[in-house]
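Residues per chain are reported as follows:
Protein chains: 2
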Amino acid sequence: MEITANNPNRKSWLKVEENSDFPIQNIPFGVFLTKDDIITIGTRIGDFAIDLGALHQLGYFDGIPLTDDIFLQDTLNDFIADGRKTWRLVRNRIAEIFDVTNGSLRDNVEHKDKIIFRMDEVEMQLPVSVGDYTDFYASKEHATNVGSLFRDPKNALLPNWLQIPIGYHGRSSSIVPSGTPIRRPIGQQRPNEGETRPNFGPSKLLDFELEMAFITTVANDLGDRIPIEDADEYIFGLVLFNDWSARDIQAWEYVPLGPFLGKNFASTISPWIVTLDALEPFRVDNPKQDFEPLPYLKREGKDSFDINLQMAIQPEGKEETVVCNSNFKYMYWTMAQQLAHHTVNGCPVNAGDMMGSGTISGPTQDSFGSMLELTWRGQKPLKMNDGSERKFINDNDTVIMRGYSQNDSVRIGFGECVGKVLPAKE
Amino acid sequence: MEITANNPNRKSWLKVEENSDFPIQNIPFGVFLTKDDIITIGTRIGDFAIDLGALHQLGYFDGIPLTDDIFLQDTLNDFIADGRKTWRLVRNRIAEIFDVTNGSLRDNVEHKDKIIFRMDEVEMQLPVSVGDYTDFYASKEHATNVGSLFRDPKNALLPNWLQIPIGYHGRSSSIVPSGTPIRRPIGQQRPNEGETRPNFGPSKLLDFELEMAFITTVANDLGDRIPIEDADEYIFGLVLFNDWSARDIQAWEYVPLGPFLGKNFASTISPWIVTLDALEPFRVDNPKQDFEPLPYLKREGKDSFDINLQMAIQPEGKEETVVCNSNFKYMYWTMAQQLAHHTVNGCPVNAGDMMGSGTISGPTQDSFGSMLELTWRGQKPLKMNDGSERKFINDNDTVIMRGYSQNDSVRIGFGECVGKVLPAKE
Chain A
1 MEITANNPNR KSWLKVEENS DFPIQNIPFG VFLTKDDIIT IGTRIGDFAI
51 DLGALHQLGY FDGIPLTDDI FLQDTLNDFI ADGRKTWRLV RNRIAEIFDV
101 TNGSLRDNVE HKDKIIFRMD EVEMQLPVSV GDYTDFYASK EHATNVGSLF
151 RDPKNALLPN WLQIPIGYHG RSSSIVPSGT PIRRPIGQQR PNEGETRPNF
201 GPSKLLDFEL EMAFITTVAN DLGDRIPIED ADEYIFGLVL FNDWSARDIQ
251 AWEYVPLGPF LGKNFASTIS PWIVTLDALE PFRVDNPKQD FEPLPYLKRE
301 GKDSFDINLQ MAIQPEGKEE TVVCNSNFKY MYWTMAQQLA HHTVNGCPVN
351 AGDMMGSGTI SGPTQDSFGS MLELTWRGQK PLKMNDGSER KFINDNDTVI
401 MRGYSQNDSV RIGFGECVGK VLPAKE
Chain B
1 MEITANNPNR KSWLKVEENS DFPIQNIPFG VFLTKDDIIT IGTRIGDFAI
51 DLGALHQLGY FDGIPLTDDI FLQDTLNDFI ADGRKTWRLV RNRIAEIFDV
101 TNGSLRDNVE HKDKIIFRMD EVEMQLPVSV GDYTDFYASK EHATNVGSLF
151 RDPKNALLPN WLQIPIGYHG RSSSIVPSGT PIRRPIGQQR PNEGETRPNF
201 GPSKLLDFEL EMAFITTVAN DLGDRIPIED ADEYIFGLVL FNDWSARDIQ
251 AWEYVPLGPF LGKNFASTIS PWIVTLDALE PFRVDNPKQD FEPLPYLKRE
301 GKDSFDINLQ MAIQPEGKEE TVVCNSNFKY MYWTMAQQLA HHTVNGCPVN
351 AGDMMGSGTI SGPTQDSFGS MLELTWRGQK PLKMNDGSER KFINDNDTVI
401 MRGYSQNDSV RIGFGECVGK VLPAKE
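Chains A and B are the protein sequences, given in the same order. Going by full-length UniProt numbering, the first residue of the first sequence is number 1, and it counts up by one from there. Going by full-length UniProt numbering, the first residue of the second sequence is number 1, and it counts up by one from there.
Because the hints were derived from the structure by calculation, they are not lab data. Please note that a few of the clues may not be correct.
Dumping the calculated DSS-like pairs for lysine-lysine here, alpha-carbon to alpha-carbon at most 25 Å [stated by the list, open to error]:
id: 1; chain 1: A; residue 1: Lys140; chain 2: A; residue 2: Lys11
id: 2; chain 1: A; residue 1: Lys298; chain 2: B; residue 2: Lys298
id: 3; chain 1: A; residue 1: Lys288; chain 2: A; residue 2: Lys318
id: 4; chain 1: A; residue 1: Lys420; chain 2: A; residue 2: Lys380
id: 5; chain 1: A; residue 1: Lys11; chain 2: A; residue 2: Lys204
id: 6; chain 1: A; residue 1: Lys425; chain 2: B; residue 2: Lys425
Computed footprint of chain B on chain A; a stretch qualifies when at least three of its residues, placed anywhere within it, have a C-beta under 8 Å from a C-beta of chain B [said to hold, decoys possible]:
id: 7; stretch: 194-201
id: 8; stretch: 345-356
Glycine included, every Cβ here is placed at the ideal spot set by N, Cα and C.
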């Protein structure tokens with residue numbers, strides 16, 4: 001099916017500011033609370049939130065096989081489970097409805113009143129109920145940096161890393177939408193030199209991780225696998241993902257079973273899921289991989305995506321400082337490889353599962369995706385625009401992630417993924 | 001509130017075989033499909049399945065604050081979210097209804113026909129929709145054995161192990177009820193000596209892990225913690241848990257982020273959740289811990305439970321061989337400590353979350369909870385009753401876990417947790 005929603009020449013009758021992340025070519029999906037306290041599934045064009053529940057009730061999706069209440073829900077899980085054909089039909093239809101040449105809704109004041117809200121009138125919610133959340137570790141630069149800092153600079157990259165898209169399971173219950181305040185976690189930390197008992201208290205090394213995450217649909221039954229050729233069919237879309245990390249808690253706990261409390265206190269996502277379809281124009285060549293991938297991980301074509309990513313820190317009441325500029329294309333392992341790997345053993349993937357990329361660090365110092373790497377574990381503090389310095393994240397700092405793809409004709413963005421750090425309790 | 005359901009002297013008018021795991025003092029909760037293809041929440045007495053949906057519709061729970069459809073669901077999550085007071089009211093009421101002296105249902109043939117099924121007429125389902133699943137690593141003997149086998153016998157127990165209830169996140173989507181066939185997983189395995197490329201194919205070292213898992217109710221919001229004093233209030237009950245493991249896949253992938261595909265192809269649970277209340281008579285002294293626990297992990301009292309656990313292997317068409325006898329009381333870290341630790345950083349715990357104990361190995365060779373340990377990685381194969389030998393689990397072997405507590409007056413059991421291993425696909 002042609003993705004007519006991606007037509008770069010289309011204009012909307014809704015006003016879209018220049019450089020908006022949400023032109024009519026984007027059409028992301030999210031869940032919001034209206035000023036009347038109604039939860040609905042929606043999309044966004046420019047600075048307008050569009051109530052898809054109302055749009056459907058008023059007949060604008062006629063002819064598309066959708067259940068009556070598919071958009072009148074507090075998560076996108078059921079819609080995502082409907083599969084790619086339905087997503088495409090809906091996105092294409094939304095593009096038509098809001099096309100500058102289409103008067104059906106444009107000229108219906110009563111309908112517009114029920115369907116269209118200003119973004120500042122709605123409150124964005126978590127877009128999916130996350131069943132299982134997996135975090136990969138797919139940036140070679142990040143794995144090398146962390147291996148150097150946590151283990152041994154001479155053998156920073158472990159032997160399995162170049163063969164396997166390494167991943168681990170994370171905690172779904174602490175995934176929160178942009179804007180949710182993050183409490184500095186408390187926990188055990190490594191004993192002081194010569195001591196046997198651990199330290200205990202608020203984390204001193206609170207960090208962000210600049211990641212993206214993709215959201216899947218129902219893909220396979222227990223015991224079956226997803227062939228890499230089919231992987232894209234099961235990827236609904238992507239969000240920005242800040243995988244908050246407490247480095248001191250993590251360093252003490254993570255051997256031998258991996259990170260746990262150092263990670264599961266919070267992960268923040270951007271609220272609009274940008275579809276894989278909308279990102280089609282931004283496919284770029286796969287990274288060159290050191291080893292020929294095993295057959296189940298091998299696919300020709302462009303499976304990487306050129307998405308500019310940025311992280312900024314804003315001290316309370318001060319201007320922000322951009323501390324990192326990275327790009328999703330720096331990933332060594334592609335999403336298709338990750339999904340094929342995740343299921344090669346028969347592990348079932350469901351609608352609403354989330355798969356994080358792992359921290360995305362680029363080749364240069366200013367593209368490292370965590371404070372751990374940017375300040376080389378605090379050895380090289382960052383200068384902030386307000387004159388202060390940061391080794392890690394301070395209380396009351398707001399951490400802001402942004403991401404967008406751009407070419408000559410269109411910009412597809414994710415908006416912001418924001419979290420303010422509150423002081424530890426007690 | 002008194003747990004009158006635990007009265008050891010009570011008898012039921014339903015026939016209960018001697019040595020049944022399900023006397024009227026048990027009253028576990030589960031979900032089953034009736035012969036009429038209706039899914040309902042139920043309990044079990046002897047070899048009878050009791051439809052709690054029908055019981056509620058017919059008015060037997062009058063006076064207990066329950067929504068009309070609380071038992072007419074395909075998971076126990078909402079009932080679990082109702083909290084401990086409600087669980088107790090319902091269990092106490094069920095005990096009264098089936099008390100040998102109570103004629104209200106006993107003498108109502110029409111009602112009995114709607115409410116009571118023979119166990120062989122129903123099909124047990126997964127009792128909860130598992131939100132997040134965490135697996136701990138809480139047996140000192142197991143951690144020491146695995147540390148010796150995977151790493152270094154001289155430093156088998158890592159320095160953090162005695163200070164932290166080590167845990168990691170697992171995969172919820174591959175948790176299946178007893179009886180579900182398990183497909184031997186395929187995946188990458190360590191390269192041969194001197195080679196750089198990994199091996200790939202069906203796991204050769206397929207193993208069980210003898211564990212128990214507890215199921216929680218809604219406990220805390222993001223950023224809050226569960227004090228250890230309150231932990232029991234949030235534990236609904238326990239199940240037997242076989243955490244299938246592919247040792248060769250695990251060994252190659254697990255550094256540095258922990259086990260992933262070596263575990264997430266399947267975990268089997270017993271279908272009846274035995275409540276923590278029913279296990280009250282079987283509390284025993286906490287294990288002696290090498291270090292005084294940090295304050296957030298410290299609680300006086302009896303937080304360990306005496307539950308006999310057994311694992312057997314049955315080759316196809318042959319008699320079974322019991323390969324392990326262990327006990328839940330061998331755990332070094334208690335459930336209360338695990339829950340307090342899991343939330344000390346503010347990680348939210350929800351109704352239907354599952355927390356595995358980790359493999360429960362006792363002090364003697366025959367109490368080790370995995371084939372890895374029992375055969376010392378295949379060096380000491382086990383003799384089976386049919387004359388064959390096992391280093392790990394063969395195709396078409398059925399693995400059967402059993403568990404029960406017993407004192408002079410009552411036996412509270414879990415039934416069986418069964419899985420048959422099918423050959424790998426392709």
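For each hint, the structure was consulted:
1. A:Lys140 with A:Lys11: violated (40 Å)
2. A:Lys298 with B:Lys298: violated (51 Å)
3. A:Lys288 with A:Lys318: The hint is violated at about 42 Å.
4. A:Lys420 with A:Lys380: Distance ~23 Å between Lys420 (chain A) and Lys380 (chain A) Cα, so the pair holds.
5. A:Lys11 with A:Lys204: violated (49 Å)
6. A:Lys425 with B:Lys425: Given pair Lys425 (chain A), Lys425 (chain B) is violated - Cα atoms ~51 Å apart, limit 25 Å.
7. 194-201: holds (count 4)
8. 345-356: holds (count 7)
Violated hints for the displayed structure, listed by number in ascending order: 1, 2, 3, 5 and 6.
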